[in-house]
Every structure is written in structure tokens, then in C-alpha cells.
Amino acid sequence: MAKSQRLTENLTQELRRGVLILAILRVLETEQYGYALREQLAEKGLEVQEGTLYPLLRRLETQGLLESRWHVGEARPRRYYKTAPTGFKTLKNMRHEWSSQVDVLRDILDEE
Amino acid sequence: MGLINSYIEEVGSYLPKRLQDDVARELRSNLEEGLEDRLSSGEWTTTEDAEVSLLTELGPPHELAESYMPGPRVLFGPRLYPPFIRTMTIALSVLGALKALSLVVDFIRAESATEFWMSIIGSVDNLFMGAFVVLGAVVAIFAVIERTTDGLPAKTGSWDPRSLEEPEDSNKALPGKQVVGIVCLVLTLVALNLFPDKVGVFVDMDENSGWIPILNQFFWQHLWLLNIGLGLDLVVQVLVLRKGEWNLPLRWVRVGVGALYVVWLANLVYGPGIFEVDYGSLGSQGWPESATQRLGNILQKTVLPVLNILLKVGLPAAIICLGIRIYKTTRESFTRA
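From first to last, the protein sequence lines are chains A and B. Residue numbering for the first sequence is 1 to 112, as defined by the working numbering. Residue numbering for the second sequence is 1 to 337, as defined by the working numbering.
Just chain A, with the same shape it has in the complex (with noise of 0.2 Å):
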């Protein structure tokens, strides 16, 4: 593999991280189990690895944002989470700031 196609998948993939938790935190608004989030994302064009999604779903509600329940009467015991109320409020600012980035990236990225 070169070296250029290394650096530029490791680089894409540390872009997807910091924007993976905004997506997290909008589509936990409504409920969900791993799995299921997981596909979510995927269908919606944001593939992301178990093993990343998982793990990072556990720090985020460690951190505050998200808050979990385990529903037990399925076909399987689930995990779901949700975002909680510090969640909102910090995807709230994080979306001005998801905008007001973009804006300044594009004009960056565009300029002549």
C-alpha cells in the first residue's frame, strides 16, 4: 500500500471519529441498541466498525451524553441507549459549531 493511501485512510478515519459522536448523539434521540445504531449509520452512509462504535458508546454515556437501559424482555437481553439531557444541550452547540466549521473549511479549502 503507498504511503499517500495510508496516510490518507488513516486520516479519514480520525475525521469520521470526531464527527462520528455529533451523528451518535442526533440519531440517539431516539432510542437504540448498538446493532441497530450501527445500521442506522451505515444505511445513512456512515459506515463505522463495531469494534470503534461499541467502545465509544460506552464513553460517551460515561462522559454524560448518553444514558442506557438494558430491556430484557426481547428475544435477547438489549443494551439501548439514548441521548440524555447533557446530550442535547451539547449537540445543540456542537451543531453551530458543525456549521460555522464547515463554512470556514469550505472557504479554506475552495480558496484560489
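These aren't lab readings, by the way, just hints derived from the structure by calculation. The beta-carbon is built from N, C-alpha and C at its ideal position, and this holds for glycine as well. There's no promise every hint is true.
Just the calculated beta-carbon pair ranges, DEER-fashion [as the list claims (entries may be wrong)]:
#1 SER99/A x THR330/B: 54 to 62 Å
#2 THR47/B x LEU46/A: 23 to 31 Å
#3 ARG59/A x LEU3/B: 23 to 31 Å
#4 PRO16/B x ALA23/A: 25 to 33 Å
#5 LEU46/A x VAL74/B: 31 to 39 Å
Output of the computed footprint for chain B on chain A, the stretches with three or more beta carbons under 8 Å from beta carbons of chain B [to be verified]:
#6 38 to 51
#7 71 to 82
#8 94 to 103
With chain A's structure known, arrange chain B on it following the hints.
Just chain B, lined up with the frame of chain A:
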């Protein structure tokens, strides 16, 4: 499901106990879901193939386990690093000083040079062992502090960059120190070369008083070597005072002077002895025979043994100082290069 069970078990083995059950339960739930999806898609014909595909995508167990950890598993964090370095410096300095002291004792007790060198080798061996024990103990203590206090509390309040201390310039000359050094060197040179009869001990006993020379001919035969060392030292100190700072060539000359002192001391230590009461001088100063004998006995039994011990202690001390000076100057040479 065999591979999934093994995988979950292995991931758990890398996790702290408090996380193991919870992570295993959630992982199992998600993996079973993934396996069902794969089997129902028809792309994989056997359960094992589907499991392999699923687990391969998830990555090696230790990597997944690492993702569940809040941060790198370290014994203590960066906030404890400066106090750790300070503690290690103090602990190792104390250890080094104790070893140096025991080396001096060995040197005094040694009956031959071979015996002394053997004790040096033994001391170096002990020093390394001791250093490892100290390192292990200090690391263990800091790891406990990290886990029990969550590191040291952060400094509160606003931070002012002007509070930063100015870095010390080790090359800057200290005029007071240089002047004192020059005066001491000149006095030593003058005393040894112009007033050798005054180099001794002043005694006031039984209504008789005077300077008693206690250095014998062997010392005076080697004075030329000491004169070269003292003279070079004097030139270096004067140049540093004039320039206002140390430079690398001057530092290396200083190393050379240190080496000269070591050679001179080694000559004296391994020679026939340099301390001796000059009875003839006592007689020429008008001391009566009985007082001369009494004073001679006192000096032979008290002052001279102490001076001999000091001379013997001086050699290892000079070697240690020379070693430190060589190390520092070499390091500075490489830093500047």
C-alpha cells in the same frame, strides 16, 4: 457460537473486573445479532464462517479491550512525573552518597590496591542493585498515590507566564566565587613556594610556641606537579573572570587540572607517606628536649593519623569529582555540537 464465546472470554481477560461482565453481556448481545443477520443473508453457509467474518471485522480481542479502556494503562500520569523525578533524584543521590561513604571506609581499611579495586567493583554492583530496588519502590509508591488520590490536585487560579523562573545559565561566571578561588590559589602557591617552613601546625605548649613543619621531603619532591595544577587553575579562574563566562575549552582545561590533582594525590597516597614531625626544627626553635619528645608523641598519635586519613579520603573524593566534571563537560560538548 464457540468462537464468539472464546472471543468474549478473551476480551474480558484484558479488562478490569468491574467492566468484564457488563462488556461481555453487551458484546454478546450485539454479536449474536450480527451473526443472525449474516446467516439470514445467505452469504455464509456455516455458522463458523459467519463467526469468523464477524470477529475478523471486530479485530483482535486485545485491541477491542483497549478501546473500552478510558485511557492508556499507565502506572501514574504526567502530573506526578515531576515529583517522581525529584524523588528519584533525591533517593539516588542518598544511595550514591552512602555508597561513596562505604567506598571511603573500604579504601581506608584496604591493605592493598588490589583489595581496594575489588571493593570498588563490589560497590558498583551493589549500587546498580540498590538503584533498581529504589526505582521499583518509588514507582510502586507513585502508582499507589495515582490510584488513591487521582494524581495531585491541579493548581487553581489564573496562571501568569511571568511567574516562570528564568533558566539558570550554568556558563555565567560568578565573580564572587571566581575572586575567592583566585585568592585561595594565590595564597596556596605563595605559602607552599615562599614559606614552606610555615606549612605545618602552630603549637603553643608549656610556654613554647611556633610552627611545626609536618610535611617530609617526599611531599616537597612532588610540589612541582601541584604547582602546575594550581597555576593552570589560577589561569582558568582569571580568564573566566575576565570573559564573564565559562566556555568549552576552559571547561576541558579544568578537567585536565582535576586529572593533575588526582595524579598528584595518588602519588602521595601510594608513596611512603608525607607526614612527619620535624624534631630538628623543634630543637632549632629553642624547644627543650622533654617538650620536643612530648609534643612529637602527641602529634604522632593524634594529628598525623587524622591527616593521613584525610589524605586517603581525598583521593576517592577527587576521583569522584573528576568523573562528575568529565561527564558534565562531555555532555555539554555533545549538546553544543
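Okay, the hints, checked on the actual structure:
| no. | hint | result |
| --- | --- | --- |
| 1 | SER99/A x THR330/B: 54 to 62 Å | 58 Å, holds |
| 2 | THR47/B x LEU46/A: 23 to 31 Å | 29 Å, holds |
| 3 | ARG59/A x LEU3/B: 23 to 31 Å | 26 Å, holds |
| 4 | PRO16/B x ALA23/A: 25 to 33 Å | 29 Å, holds |
| 5 | LEU46/A x VAL74/B: 31 to 39 Å | 33 Å, holds |
| 6 | 38 to 51 | holds (count 3) |
| 7 | 71 to 82 | holds (count 4) |
| 8 | 94 to 103 | violated (count 0) |
Comparing the model with each numbered hint stated earlier shows that hint 8 is the single one that does not hold.
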